[in-house]
Amino acid sequence: MTDLLYRFRAIAVAFLLVGATAIPAFAGPFEDAVAKFANDDFSDSDEAVGIIATSGNPQAFAVITALQEGRLSADPDSKKVYLTGTDGKVTDAATGEAVAEVPASAAAVRLNNRLRRNIESALGGLTLMSPDPAKRIASAQSVFKSHETAMLPVIETALEKETNKAAKQAFTEARAAILLYKEDATEAEKIESIAIIKGRGDQDALALLTSLPADQTVGVARSAASAVTAINSRQTLWSIGQNAWYGLSLGSVLLLAAIGLAITFGVMGVINMAHGEMVMIGAYVTFVVQDVIRTSYPGLFDYSLLMAVPLAFIVAGLLGIVIERTIIRFLYGRPLETLLATWGLSLVLQQAVRTMFGPTNREVGNPSWMSGAFELGQLTITYNRLWILCFTLAVFAILLAMLRYTSIGLEMRAVTQNRRMAASMGIATSRVDALTFGLGSGIAGIAGVALSQIDNVSPNLGQSYIIDSFMVVVFGGVGNLWGTLVGAFSLGIANKFLEPVAGAVLGKIAILVLIILFIQKRPRGLFALKGRAIEA
Amino acid sequence: MITNLTHAIAKPISRRSLMAAATGLALGLSAFSPAKAADDTIKVGVLHSLSGTMAISETTLKDTVLFMIDQQNKKGGVNGKKLEAVVVDPASNWPLFAEKARELITKDKVAVVFGCWTSVSRKSVLPVFKELNNILFYPVQYEGEESERNVFYTGAAPNQQAIPAVDYLMKDEKVKRWVLAGTDYVYPRTTNKILEAYLKSKGVKQEDIMINYTPFGHSDWQTIVADIKKFGSAGKKTAVVSTINGDANVPFYKELGNQGIKATDIPVVAFSVGEEELAGIDTKPLLGHLAAWNYFQSIKNPENEKFIKEWQAFTKNPKRVTNDPMEATVIGFNMWVKAVEKAKSIEADKVIDALPGIEAKNLTGGTSKMLPNHHITKPVFIGEIKANGQFDVVWKTPALVAGDAWSKELDGSKDLIGDWVGKKCGNFNTKTNKCGGQGS
Chain D
1 MTDLLYRFRA IAVAFLLVGA TAIPAFAGPF EDAVAKFAND DFSDSDEAVG
51 IIATSGNPQA FAVITALQEG RLSADPDSKK VYLTGTDGKV TDAATGEAVA
101 EVPASAAAVR LNNRLRRNIE SALGGLTLMS PDPAKRIASA QSVFKSHETA
151 MLPVIETALE KETNKAAKQA FTEARAAILL YKEDATEAEK IESIAIIKGR
201 GDQDALALLT SLPADQTVGV ARSAASAVTA INSRQTLWSI GQNAWYGLSL
251 GSVLLLAAIG LAITFGVMGV INMAHGEMVM IGAYVTFVVQ DVIRTSYPGL
301 FDYSLLMAVP LAFIVAGLLG IVIERTIIRF LYGRPLETLL ATWGLSLVLQ
351 QAVRTMFGPT NREVGNPSWM SGAFELGQLT ITYNRLWILC FTLAVFAILL
401 AMLRYTSIGL EMRAVTQNRR MAASMGIATS RVDALTFGLG SGIAGIAGVA
451 LSQIDNVSPN LGQSYIIDSF MVVVFGGVGN LWGTLVGAFS LGIANKFLEP
501 VAGAVLGKIA ILVLIILFIQ KRPRGLFALK GRAIEA
Chain Z
537 MITNLTHAIA KPISRRSLMA AATGLALGLS AFSPAKAADD TIKVGVLHSL
587 SGTMAISETT LKDTVLFMID QQNKKGGVNG KKLEAVVVDP ASNWPLFAEK
637 ARELITKDKV AVVFGCWTSV SRKSVLPVFK ELNNILFYPV QYEGEESERN
687 VFYTGAAPNQ QAIPAVDYLM KDEKVKRWVL AGTDYVYPRT TNKILEAYLK
737 SKGVKQEDIM INYTPFGHSD WQTIVADIKK FGSAGKKTAV VSTINGDANV
787 PFYKELGNQG IKATDIPVVA FSVGEEELAG IDTKPLLGHL AAWNYFQSIK
837 NPENEKFIKE WQAFTKNPKR VTNDPMEATV IGFNMWVKAV EKAKSIEADK
887 VIDALPGIEA KNLTGGTSKM LPNHHITKPV FIGEIKANGQ FDVVWKTPAL
937 VAGDAWSKEL DGSKDLIGDW VGKKCGNFNT KTNKCGGQGS
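Protein chains in written order, with our numbering: chain D, 1 to 536; chain Z, 537 to 976.
FYI, nobody ran anything at the bench for these hints, they're computed from the structure. Heads up, none of these hints are tricks.
Just a few of them, taken from the derived set where beta-carbon distance is under 8 Å, the chain D residues facing chain Z:
no. : residue
1   : L208
2   : E363
3   : S371
Using N, Cα and C, we set each Cβ at its ideal position, and we do this for glycine too.
Given the sequences, and given the hints that come with them, work out the whole structure.
So, in structure tokens, the structure goes:
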């Protein structure tokens with residue numbers, strides 16, 4: 001089917017190139033094909049797409065795009081097919097006549113993956129001449145992958161006309177791919193094509209070269225083999241870069257989850273098992289914000305995270321202050337009781353959220369600027385991970401600056417280093433304790449906003465981060481923010497370099513073993529604090 | 537251990553379970569009322585976790601049993617007696633499942649138990665059911681390799697879900713390269729073992745199969761998705777067969793979407809993602825990814841539409857979805873009712889003997905039958921995820937598929953059959969003509 005379609009497509013494109021003006025209105029095959037959509041059968045729809053794409057009917061493009069976007073509906077009884085335009089106007093898909101509305105008995109024409117693929121390639125051919133260079137490049141890419149011989153003349157015409165540099169490159173590569181697979185191409189042509197494809201050097205190029213049929217001349221086979229080796233060795237280098245990026249991104253998630261704990265546990269010394277629940281509450285704040293925006297101000301959806309950040313900080317921070325005032329302050333200096341009390345508290349918070357929002361996952365959407373990925377050389381970098389990395393570093397910098405340059409930061413440091421001295425200097429230590437705990441919790445809340453973008457928003461969200469957070473803080477050195485930073489990134493990177501070798505399960509175990517060994521050697525972590533604070 | 541602690545302490549008070557609690561309270565009270573009342577009713581045990589990690593999935597099945605009992609009682613009960621539910625909460629704690637099962641059978645004297653979700657919970661209650669000779673209906677798709685006299689398996693065996701899904705991908709999508717990705721526990725491991733053997737028997741080479749396991753709740757999928765992408769760009773059509781467990785699915789699908797892997801390039805067919813799981817995901821990037829089940833809510837059929845309407849009325853939630861394990865519970869319940877009516881008794885031995893051969897309507901327009909190996913016949917559907925979180929059925933088996941207790945693909949089990957009618961044996965070896973071998 002696909003082969004046929006490509007051939008059809010080439011003809012269709014050729015038609016368009018000649019000029020779509022002189023198409024006579026012989027309605028028969030096109031109308032019959034459109035009516036096939038009403039059969040609710042994938043093979044019939046598939047066939048119809050093929051016929052419509054080659055019909056040259058001016059409606060063809062509109063009908064196929066409508067099908068792709070689910071705007072085509074069919075009535076199984078009357079066999080009539082209706083097209084709802086992007087402007088909401090309904091027309092009869094076969095005739096193009098306006099219709100008042102889609103009858104209730106009609107249902108949207110169903111698609112499956114095979115159909116979707118064929119629609120894409122049918123449309124791909126029609127966009128080779130698109131005025132938008134991005135679209136031209138995309139369709140050149142699809143030709144590169146399909147390397148259909150029938151497309152050669154079209155690609156060559158397009159290549160001649162092309163002025164955009166990137167698009168020209170894409171067309172050249174597409175042409176090379178076709179020539180490489182063209183049976184009657186000369187050896188010289190093929191070797192030249194291999195050189196072009198080698199220059200591209202990515203996974204697709206590799207796929208193209210490795211799946212070359214075996215009946216090649218010696219020269220072609222040899223240069224293909226050497227190109228494969230060259231691409232492979234380059235890919236190995238890139239994959240190191242890719243792993244490093246994954247490691248940074250995992251490290252940023254670890255860091256984000258752990259910064260709050262670095263304050264409550266690291267600076268204050270409170271073993272706070274409810275830390276994860278603060279993260280979870282931050283994620284639920286994001287959900288509530290998005291929920292309100294969806295129902296009341298759908299236009300603001302892209303800003304939902306920006307709004308959720310301060311709210312999450314306030315909600316989690318206030319909750320932290322309340323917890324400190326009502327529970328934790330009675331337990332200073334009693335780590336075991338603190339552990340049990342905060343553990344119990346974490347269960348209470350989980351159950352409270354389960355009661356309010358239900359036990360199932362809640363849907364938090366990704367704003368458009370957090371979706372998708374871009375290519376940097378051979379690296380795939382997803383926007384959500386990139387933003388989370390930037391966000392984490394920003395939070396870290398702000399926190400560091402706050403501790404260093406503000407008066408409350410100074411008081412916090414003074415109280416942790418020497419409580420009695422600080423008290424005698426007139427600092428209200430219990431107020432500072434509450435604020436410090438609130439700050440740590442608030443930052444955990446902010447972490448929740450970011451984590452809602454990559455993980456489940458469920459009452460169990462926090463549990464999955466609490467162990468990792470403690471691991472990072474202890475590894476980095478208790479009481480040292482820089483240690484937390486270095487600890488998080490080194491754990492992230494180590495994990496991501498181990499994962500491809502050992503697998504996700506073993507990789508995680510290996511990291512834990514390494515940490516245990518490390519702690520044996522350096523019980524105070526990477527950056528141990530010196531001085532009396534640690535002895536107290 | 538830590539999670540167990542959570543569940544022992546935490547008791548959920550969600551709206552859903554509040555209703556259940558009220559019911560449970562009423563039932564609890566009636567259980568303490570004089571013995572006379574108890575004689576007039578048949579007690580039905582419900583052994584599903586209402587708290588802990590599995591509460592997400594199992595709470596719905598508890599509601600389903602209550603719904604079925606309510607419906608049956610409106611029809612006048614069974615053999616002239618009303619049914620009465622006894623609900624216990626094993627709290628996602630596997631040893632507690634065995635304790636609660638014992639409590640249901642010895643203390644509450646239930647005639648039958650509907651329950652369990654995970655295989656480990658089923659394995660944990662098995663000895664109890666054997667020792668006390670009671671009946672368990674197990675409603676979830678599982679890895680097979682088991683046929684017990686006291687257990688009736690109404691969920692899918694691997695040949696009723698995994699194998700047809702792979703067949704579909706092979707024939708319709710022309711898939712040549714396979715990624716078998718799963719969470720690291722018994723169901724994915726056994727299913728993948730069966731699938732690997734099956735694929736090899738179909739001529740797929742070792743280098744075209746990639747098997748990958750991840751821990752429970754895995755959330756950083758960057759490396760694995762990149763690996764899948766790389767594996768899939770070798771010039772052969774590639775698909776992912778996912779036995780990834782519930783919670784890890786959201787980050788997995790998000791990463792797929794972000795790295796730009798579309799269903800038209802590398803389709804993912806999942807065995808544990810249903811309507812309930814999709815309720816927490818933005819499904820637009822998942823358009824076209826697949827799931828294989830024996831039931832979908834979107835299947836158009838008067839039987840199904842009636843069920844959905846009554847279910848939503850019963851739960852007082854017009855948006856409440858239905859799913860495959862629910863249908864399996866419904867079929868199991870109806871089969872039990874028919875068997876009790878046929879045996880004219882609730883005595884376990886008589887009901888167990890009456891059950892094979894019993895037929896009950898499923899919700900997709902067919903009639904399922906209980907087989908001698910205590911599995912049932914089911915249709916298999918492949919659905920594609922739609923933007924509204926429902927599935928669009930794109931393929932189904934032409935006829936009902938009989939569940940195999942023992943996989944025909946594995947060396948250790950291909951000669952075994954379960955036959956509790958003729959051979960009175962769960963693992964009869966057809967080669968040696970002896971009862972016994974793998975399993976118990």
